[in-house]
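J.: Based on the hints, put chain B in the right spot on chain A.
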Amino acid sequence: MKQYINLFRKDKVVGYSDYYDNIAWVLNLIGGLLFIAFLIFSYLQYQVQTQYNEALAKKTETTLFLKNNSKNIASINIFMNGRNLLYERIKNDSEFLPYYTKLKEIVAVTEEIPNIDSIVIEKDKSTKFIIRYKTYTSALQFVHIIESETFLSNFTKLKLSSFNLSKENSNGGNEPDYVFNFEGNFKIFDKK
Amino acid sequence: MYLILKAILKYLIKSNRMKISLLDIFQRYLIFLVMPLMIFLVYLSYTGYVNKNSELELLNSDLQSDQYKIDQLKNNQKIVGDKVDKYNLLLMRLIPDREDYFSIIRALDKISQSSGFIISQYSINPQDTSTDHTCVQVEGNGDSDAFYKFLEDYRYGGDRLMTNGAIEFVSGKFKSSKLDLCFYIREKAKTTKSTNISQTDIELLDKISTKLSINLNEDNSSIEIKPKEYSTKENLF
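Protein sequence lines, in the order shown, are assigned to chains A and B. Residues in the first sequence are numbered consecutively from 1, following my numbering. Residues in the second sequence are numbered consecutively from 1001, following my numbering.
Calculated from the structure, these hints are not laboratory results. Predicted, not measured: the structure shown is a model, and the values here were computed from it. Keep in mind that the hints are not guaranteed to be accurate.
What the hints assert, rightly or not - Footprint (simulated), chain B over chain A, 3 or more residues, beta carbon under 8 Å:
#1 22-33
#2 81-95
#3 120-130
#4 133-145
#5 151-164
For every residue, glycine included, the Cβ atom is placed at its ideal position computed from N, Cα and C.
Only chain A is shown next, with the shape it has when bound in the complex (with noise of 0.2 Å):
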């Protein structure tokens, strides 16, 4: 029997060599990218560093300025306390004369200027007030403005409670004095 060689026929060994061949292959590649990703971070890094200097040197010139105006900054820190408190303070008055006066010049539409009898104004400005007329077509005239959107733009909550002829007239006729007792809420205004 013949016998051949065949040139072309490549049994091909699978040794231990070259199962580590393919994992340092593989290990390479893996090595080169954790180079780069060491040379990325330590650029981020170098990057970072620079722009911590900077602010570290903008901290220090901060610092010194705020250390420099502390007194400054004392006085302020005081004006403001004091006038939150003012402010604060300021909300536990009924303001009694603004809100008074306004009611006076709202209810001084009609022909007669009527008599403000009596009025109670609270710090949250809720308020109970009398009014009286002594002819009959001003009462009628007021009964109409009270409903007007006018009016009632002075006030959040309004209520006529009571309404009475009172026979103690100020005028000292026979005809009876028309009152009206209010109350509700005035709306806050500008004091300015």
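T.: Structure of chain B alone, referenced to chain A:
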């Protein structure tokens, strides 16, 4: 790692499974040795970057806070000008640090004199009084003009802040009118949220200063609170 690698290589050579020299193996498989070093370097550079970045963020936030304070200070100084100490003095007069009953009496006296609404009686109202405010019930007489003037000026007219929780006004009845007035002091521990100073604040304080015996246009030295002068006797007997 290195020792493990060395042991493996020795075993392979001994068992004739690899017919290559140790030097070749070392050259070919150098990456096995370099790899841990690379990982370590990447770890170092990464943690260094992350740490520095967080430090930078912290510093930047500090810087922002400082910058805000500086801007606020500059803005406030621009509005208040050089009068901040005078305004503080004014605010201190209105709401002092501690209660001084003489200043309450002086305030009532001052407002009474300036308005013409004669205060005939006053008594401390213990029910409404607390650590930060003192409420006084005041009884006074006067005509309508005096009463209106009193109502117009009572809040700042006595050099102390006075508030009135509720006023009942009965037309034509000005005799023996009763009012509850409250005086305030500052609570030391209490600090309020600070907001920027506005032009409205300055306008209000300028307006108040016209009602008080403090002139904000004077020098600092001349607006110091001077003790009231009392008549004294040289010879006590």
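J.: Run the structure past the numbered hints and jot down the numbers of the failing ones, going up.
T.: Checked against the structure, the hints that fail are numbers 4, 5, while the rest are satisfied.
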